[in-house]
Amino acid sequence: MKEELFNRLKEAVTNGDSEEVSKLCERVIETGIDPLEAIEKGLVAAILELGDKWERGEAFLADLVAAADAMKAGISVLKNELAKSGKNIEYRGKVVIGTVEGDIHDIGKTLVGTLLETAGFEVIDLGADVPRQKFVEAVRQYNPDIVGMSALMTTTMLEQKETIEAIKQAGLRDKVKIIVGGAPTTDDWAKKIGADGWAPSAMSAVGLVDRLLGIKR
Amino acid sequence: MVRPRIEVLDKEEVLEIHRRSTSILNRVGIKIDHTEALKMLKNIGAEVDFDKKVAKIPEYLVKEALKRAPSSVRLYHRDGKQYIDLCGWNTYFDVGSAAIYYLDWKTDEIRRPLSRDLADVAKVADALPNTHIMSTALVPADIPETVVDRWRMYVVAKSCSKPIDTGAFTMEGVPDAAKLIGAVVGEENVGKKPFMIFAICPSDPLQWSDITMQNLLDCAKYRIPVHIIPMPQTGGTGPATIAGSVVQANAEFLAGMVVAQFTNPGAPVVYGGSPCVFDQRFGTNCLGSIEVGLITAALSQLAKFYGVPCAYYTMVSDAKAADPQASLEPAFGAMIAVLSGINMAVGSGMLLQENGISLVKLVIDDDIAGSALRFARGIQVDAETLAEKVIEEAGPGGLFLKYKHTRDWWKKEHFIPKLLDKRPVDPQGKSKTLNTAAKEYVEKILKEHSVEPLPPDIEKDLDRAMLDILKKYKIEEMPRW
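Same order as they appear, the protein sequences are chains A and B. By the numbering used here, the letter at position 18 of the first sequence is numbered 18, and the numbering carries on one by one without gaps. By the numbering used here, the letter at position 11 of the second sequence is numbered 11, and the numbering carries on one by one without gaps.
Chain B extracted, bound-state conformation (with noise of 0.2 Å):
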C-alpha cells in the first residue's frame, strides 16, 4: 500500500529553500518590539540593533532550536485522559478561531456574536467525529474587549470536551490562559496535560509585536504548546511568488522557533501558517485559493525537513455565505492537508476569509474531512481485500450483497457521509438540498447531544478563575450566557 501523498517541492528545493530563509535571518534579521527577547536573542549570539529592535540569528542558532524541538506535540482533552499526537503524516481537523462575525445557522444572518454563540459551536464540534480539535472560533460582542480573549476559553472549556486552539491578545493573556487549564488538570499538569495550544502570529513581513512575543514566551515558559503562524500575502506583506512566500514565512517560523527553544528547551513548538493570496483586485487576503493550497503543502514539506509538527489554515473559504464556494475551497484544503500530511487542518467552519463562523459550513466540512482522511487512508491489498476468492464464488452474475465478505468489509472501506446526498432520487422532487440537511443537523446536535459535564468541584475551581480573572477588570458577577 502506498500511502496517498503530494510533493510539491523536491529534496534539493526543500535544502534550497532553507538555505534562503537562513540567509535572510542572517543578513536582514527579524523585528522584534520586545526587549527581554532581544537581549536573549543577543546572549545567544544573534546580532542585535537595539535601536532598530533588529536581531540578525545566524544558522548555527536555527540548527540547536531545531535539535532542541520535539518532533511531536501533545494536545489533551478536557479530561487530562485522552490526546492526539501532533505528528508524523497524521492529520486532525480543527476549528478556525477569532471569528469577529458569525452567521446565525436559523436565519442566515451575518452579525456579531454572542458567547451562547461560541457555547454552540463549542457544542457542534464536540459531536463532530472528523472534527477533533476546537478553537475559541468566536470573539464575543457581550464582553468588553479587554478581557474576551481569556473569556473565549472559559467559554469553550465548560462546552466542549475537546483539545482546544486559542490565543491571547493581552500581555497578561498567557499567564491567566495558564491559571483556567491549570483549574481544570491541575496547577501542576499545565505543561504536562494541556489542552489548549496558543496561536502566536508574527506580523508579516519579518516582524514580531510585542504582544506576541510576550505570548511566545509565556507559552514556552509554562510549555504550553503553540502552532507559530506566518501569514504572507502573496505581493502584499509577502513576495508574489510561491516559492517567495515559502522563503518567508520559514523564516518568520525559524525565528520563533529559535526564542522558543532557546527560553525552554523541548518547548512544544508546531510549525503553523496561515499564507493568502493578496487578490489585488481587491486589496483582500484570500485563504481558499488554490495557491494557498501550494504553499502549505510546501510548508508542511519543510516541517518534515526540520522533523517538527504542522498546522496549516487549509479550511478556510472566502465565501460570504454557507454557499457552493464555501464547501469547494476547504474540499481541495482537506485533500491537499491529508496528502501532504499536514497535522492539523485549520479553519473548519470558517469563511469571509477569517472573519466568519458558520455551523452550516462546519457540519459540512465535518463530512469533507471525513472524506479526505478516508482518501488519505488508501487502498488496503492482500489477499483478503483482493477479494479472488469471493469474486468467483459469486461468479458471473453472481450478486455479492449475499456475501459474509460484503459484511465484513463494505463498512471498513467506505466513509459514510452524514450529509452528501447518496439517497434515491426524490419521485416527487424533493430532495433535500446540502445546506437544509447541514441545518436540520446542527438543530439536531444542539437539541440532543450533550457534552460530558466536567467534574462539579472542578467546574467550580474553573468558575473561581474565570471570575478571578473578571474582576481586575471589574467585573464582578459571572456574566450569562
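Just chain A, with the same shape it has in the complex (with noise of 0.2 Å):
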C-alpha cells in the first residue's frame, strides 16, 4: 500500500502532474504515512531519477521544470503534517537566486534553481529584477549557504558588483557564498567583483555549488 503510493507519486512527479501529486500527498496525509518518507521515497527520488535521466540526455528541461514544479506541489501539501512530525527534509544545502535589478531575464536563474532541486538542494527563487536589498534580507531572513546572481545583459552585469557591496555592508558577507552567472558574465568579472564562484552554464553552477559546500558526489 504505502510501496504502490510512493510509486504512484513518482510517476506523477516525473509526469509533471502537479495536481495529481497534490492529491496523492492528500492521501498520504490521510493514511497517516510519515510525509517524510514520502517526500524522500516519492518525490525526491522522482527528481533524482530525472535528473540522471536528463543528464543522460533521456529526458529534457521541460521535463525537469514541470517535475520540480510538482515535487515543490508535494512538499506545500505535506508541509505542515511535517512540520508538526518534528522531521526535516534534508537538503544537500539552501541556496537563494535571482536576477540582480534592471534585468528581466528569468530564464538563466530559473534552469540554475531547477537543476539545483533536481540535485537535492533547497532553493528560494526571488524571481527577476530583485533590488539590492532584497537579496541582502534574504540572506538575513533564509540563512542560505549560497546567493546565486543573475545578470543577462551586459548592461545589467555592473549590478552584481553592487549588490555583492550591499551585502558586504550589511555586514553579511562572511555568513554566505556568493555566486554569479549569466551570458556576458566572465570567471574574470566573479573575480573582479569578489564573487566566491562562478560557472559558464546552468548546467555547470550545480558543480559549482558542490565544490563550493564541500559536497563529493
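By construction, these hints were calculated from the structure, which means they are not laboratory data.
Pairs of lysine-lysine residues, derived as DSS-like cross-links and limited to a Cα-Cα distance of at most 25 Å, are as follows:
no., chain 1, residue 1, chain 2, residue 2
1, B, Lys192, B, Lys158
2, B, Lys31, A, Lys134
3, A, Lys192, B, Lys472
4, B, Lys471, A, Lys161
5, B, Lys179, B, Lys81
6, B, Lys179, B, Lys158
Make one complex out of these two single chains by using the hints.
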C-alpha cells in the first residue's frame, strides 16, 4: 500500500502532474504515512532519477521544470504535517537565487534553480529584477549557504557588483558564499567583483555549488 | 532570369502571423520598464497599466507606425560619402557584435579580448570584400565596464572605414555615441550620414528593459539607425514552435516600431532578430541550428510584407572552435540570408553561441558570403551567355580556353574564393587545410593591409570626444592599445 503510493507519487512527479501529486499527498496525510518518507521515497526520488535521465540525454529540460514544480506542489501539501512530525527534509544545502535589479531575464536563474532542486538543494527563488536590498534581506531571513545572482545583459552585470557591495555593507558577506552567472559574465568578472564562484552555464552551476559546499557525489 | 529565392510562408500565413502578433499586442500587451515611453504610448491611444508597466497597443497604431517607417535605411561609411542601402533583396554581411571572448588566431586560445584584438578584427573586416559592415565585435577587458560600450565604438571607428553595427549598454550610451559620430561626420550630420547602426534588444518574452527603451528613444530622436532584435528561444523565452516564435518576435518588433515612429516619424528602423533554438538537452541558446534559418526566413517575409528593411543573425555558429561546424552553420545561414532577401546577415566571425569572435572564422565566412552572394545573382540568360555561337565555333572536341568569349565571361560568371582550396592535389600530400590557409590570410592582412586613415583634424576631434567621455568616468588619460 505504502510502496504503491510512493510509486504513484514518483510517476506523477515524473509526468510533471502537480494536481495528481497534490491529491496523492493528501492521501499520504489521510493514511497516516510518514510525510518525510513520502517526500524522500516519492517526490525527491523521482526528481533525482529524472535529473540523472536528463544528464544521459533521455529527458528534456521542460520535463525537469514540470517535475520540479510538481515536487514543490507536493512538499507544500505535506509541509504542515511535516512540521507536526518534528522532522525536516534533509537538503544538501540552501541556495537563494535571483536576477539582479534592472534585468528582467528569468530563464537563466530559473534553470539553475531547477537543476539545483533536481540535485537535492533547497532553492529560494527571488525572481527577476531583484533590488539589492531584497538580496540582503533574503540572506538575513533564510540564512542560505549560497546566494546566486544572474545578469543576462552587458547592461546589467554591473548590478552584480553593487549587490555584493550591499551584502558586504550589511555585514553579511562572511555568512554566505556568493556565485554569479549569466551570458555576459566571466570568471574574471566574478573575481573582480569579489564573488566566490562563477559557472559558464546552468549545467555547470550544480558542480560549482557542490564544490563550494564540499559536496562529493 | 529568376532571382533565386525561397519563401517559407504563403501570403495567407504571413497575414495570419501579422494578425496574431497584433492581437497579442492588443490583448496581452508589452511590458516596458520606462515611464516616458509608457506615457507616450498612452498619449497616442494605447491602454497603459502604469503599475504593471504594461502597454496594450491597438492595431491602428501599428499600421500608422508602419506607414511612417522608411522602406530603406542607409548606412554610411566613416567618410560620409560611400554608403550601403538596406532595402529590397540586397544582402550585406555584418560581423557579429559584443562577444566577450576572443579566439586568438595565433594560439587557438579562448581568452578575454583586449582593445588591440578589437582593432585587429576591425582591420581584417576592413580588408574583406564580402564583409560589408564591421561591428563593435568584442567587449575589451582592458577598459572599465562602465564605459566599454563607447570605447568599442571609438576603437572600431579608428581602425575600420566601413559602417559599424554597435549597441549601448548604458543610459548615456547613445547621446555619447552621437558625439563620437558627430566628431567624424560633423554634428549636423549625425542623423543624416550615420555610420553606426544600433542593436536594440527587447527581452523576450514581450518585455523591454529601461536601458534598451532609452537607447531606442535616443536613436529615434537623433535619427540614428537601429535594428530591433527580438530573441525568442524556442521553448525557453518563446514558444517551442517555429510559427509561434515568429508571431512573438513580430509582436516585439512592432512594439518597438510604434515607439520609434511616434517618437520621431521616419526614424530609420530595421526589422532585426536573433531567434535561437533553446536546446533542452543542455539549456543552451543555439544560433547555428537549422530552425533558426526557418524563423529568420519567415521574419524576412514579414519585413517585406511591411515594406521595411531587415537584419537577422544568420552567420553565428555554436561551435567551440574554428572547426568544421563553425563553417557549415554559417554556410547554411548565408544561403538562407541571400535566398530570403535578408538585408543584413549578422554574425560573421562569431561562434561559441554569441560569445566569441574568431578571425579564422571571419575570413572563412567572407568566402562563404561571397559564394552565397554569387548564387543569389542567379543565371544570366541572353544570346551572349547562351553561347550558341561559341559552342558552334569550338565544335565537337574544341577547346574553349582559346576563345575571347571565355576571357570575357569566365571571371564575370564565377566567384573566386580566396581560401577554399581549388588547387591540384599536392603530390607530396602537403595541401593546406582551410584553417591553415585562413590563418595565413589573417596574418597577411594584418601585416599588409592599411586602413584609409582619418583626416588628422577629424582624428583629433574624435580623440577629444572620446577623452571627454572617459573623463566622466575619472579616466583622465587616453588608454593605450
